[in-house]
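**Student:** Each chain, letter by letter, is given below.
Number of protein chains: 2
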Amino acid sequence: MLQDKVLFTLIIGTTDVSLIPGITIAGATPELTMFTPAADAEFLINGRCQVINGVPITPDGIPSPAIISRASLNLTGVPSLVVNGGTRIKPTGIPFIEVGGEPGKDIREGALDKEVMIRMRENAERLGRQLSRGFDTLIIGESIPAGTTTALSTLLALGYKAFGKVSSASPNNPVEIKESVVKQALIDLPEDKIEKLSRVSDPMIITASALAEGFENRVVLAGGTQMTAVAAVIKEFSPGKVKDLSIWTTRWIIEDKRSDIIGLASEVGVKVDVSQLDFSSSKIDGLKAYDKGYVKEGVGAGGLSLLAMKMGFTKEEVMREVEKVYEEARNEKI
Amino acid sequence: MLQDKVLFTLIIGTTDVSLIPGITIAGATPELTMFTPAADAEFLINGRCQVINGVPITPDGIPSPAIISRASLNLTGVPSLVVNGGTRIKPTGIPFIEVGGEPGKDIREGALDKEVMIRMRENAERLGRQLSRGFDTLIIGESIPAGTTTALSTLLALGYKAFGKVSSASPNNPVEIKESVVKQALIDLPEDKIEKLSRVSDPMIITASALAEGFENRVVLAGGTQMTAVAAVIKEFSPGKVKDLSIWTTRWIIEDKRSDIIGLASEVGVKVDVSQLDFSSSKIDGLKAYDKGYVKEGVGAGGLSLLAMKMGFTKEEVMREVEKVYEEARNEKI
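Chains as they are written, first to last, in my numbering: chain A, 11 to 344; chain B, 11 to 344.
Bound-form chain A, shown alone (with noise of 0.2 Å):
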């Protein structure tokens, strides 16, 4: 695949799950992480955000794996499309693409309007078919908080056991509110299969997962334990399309002994590789927490730096390139 034109494309979503106190820790508050994702993309773009000054970080001042993707894209020159499966708050300083979707709602409550679901799985598959008569490979990341909470329940509604398997950007994986979440949106779930997921699912998942049903040739799904609700999501549509499928995850969701990727994705029947990101020599107090288990994975960080190993760049070339968009960032800050 070195040979191979590949593309990178991020999908962004917000939903109102992040709003739940203690959910997650994509953004410094519950109402920032509705910025999270729009800062990631313009991050991963430009070097630098205009929907928030400085670089997205955890409460505890840890960067976004966005400067991991971004570092890796440098090295490998791969380009780079944002996908907008639904945001409450949009990029400014990016273009990106729009696939008709909105940003999900409280999956308690319904995440989207099921017309809304339709519209955007058509479009992003569209999208899809177009990319792939100009590109081999496809590699999709996503950025949307809380969304290891939307994946477990569309896991669960689809029928795979997923309690307790799926991870977390916190080293305290905060399992009982997720559980306890998603059991009340998983209560008297329509039969359908489309009304099903519009309730429960997230507008990341379902713009992903239809991008790469649209998809002709190679798709690999750069992410931790939410990319196997997209295998899942497009196992149940697209089923002969599953078996060509990889994930491409970080050494540290692999590691994560409060979930299981390996379970999960060999339940749905999807291929793991895993990148042996290393930063516990940094000399950045930020990019050392990853090596505590902070963060793990997300905006493409694990599949994007495996590329770049895969292209022949040791871990430590990387990590040095992190560490140099990492510095870029703070210093245009200041």
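None of these hints come from the bench; they were simulated from the model. For every residue, glycine included, the Cβ atom is placed at its ideal position computed from N, Cα and C. All clues stand as given, with none of them false.
So these bits of chain A aren't anywhere near chain B, every CB distance computed over 12 Å:
| # | residue |
| --- | --- |
| 1 | E41 |
| 2 | G64 |
| 3 | K175 |
| 4 | K193 |
| 5 | K203 |
| 6 | S256 |
| 7 | S290 |
| 8 | K302 |
In silico EDC-like pairs for lysine to aspartate or glutamate, Cα to Cα no more than 16 Å straight-line:
| # | chain 1 | residue 1 | chain 2 | residue 2 |
| --- | --- | --- | --- | --- |
| 9 | A | K15 | B | D14 |
| 10 | B | K15 | A | D146 |
| 11 | A | K15 | B | D146 |
| 12 | B | K15 | A | D14 |
| 13 | B | K302 | B | D70 |
| 14 | B | K175 | B | E186 |
| 15 | B | K293 | B | E338 |
Since the structure of chain A is already known, use the hints to place chain B on it.
**Tutor:** The following block gives chain B in isolation, referenced to the frame of chain A:
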């Protein structure tokens, strides 16, 4: 270039200039001109429209050149993406790229806010840079009603001798209305390039020129005299790029005695190549009208049909595919 990766981008836009009675036939009424770009874009991607019923047509029932573009893309297999420069009515049935633009106001009152124009330029340039990592050739087409009027004011504002030289979708080019509107728009123009263009130009010209400036490989401007205005803006900001530009247009534009694309292109310093599309033997009246000077160009029709011919399809094969696309769309409507 036959081995190249080619991408077609359609830039859509509207301005309130198209609401001036008699200035354009790109829509059955002045108000309906606001729907034409979205309808063209939907037809191009899907072969049918969602924002209107049927095929986009003139008041006389002549189909949009979108049918020529779609037929040419069918033959060549070239992928296409739609970029919303700024439209009052956005497409709903297709994915499209936002560059932070807005619809243009009447040029007599100032078309765009300066800040909006700057943002559009930055985002479109970024998009161009990303796309040049994946594609060798970018073909840029347009759909913007009354676009020849804003092309005229853009060319004049930049100092070109454009009076009497821009084309029209009507065989009776409404030169008097156009020139009277443009003369009012040109009163007391500021010196500053950005301020001047934000007053008299349109979202298509601003987006297309910045996209071309950002794209680092070969750019083809697919359109009529409007594309000389795009080339003129590129020359203003990126003079080095103009020598590598080409305009690809239809025979009907070249042969139009009420305009002068060759004169304009030579004044700007850009090459012109021509598609020998010929519908005089078509069995469909709406297509025959093209050979009587109606419509002439738009939605990249000249450039895409020329591409098909450069790739080995005869002009008869292109006409047959256009007839097929037209009849499929009519049957779908019924």
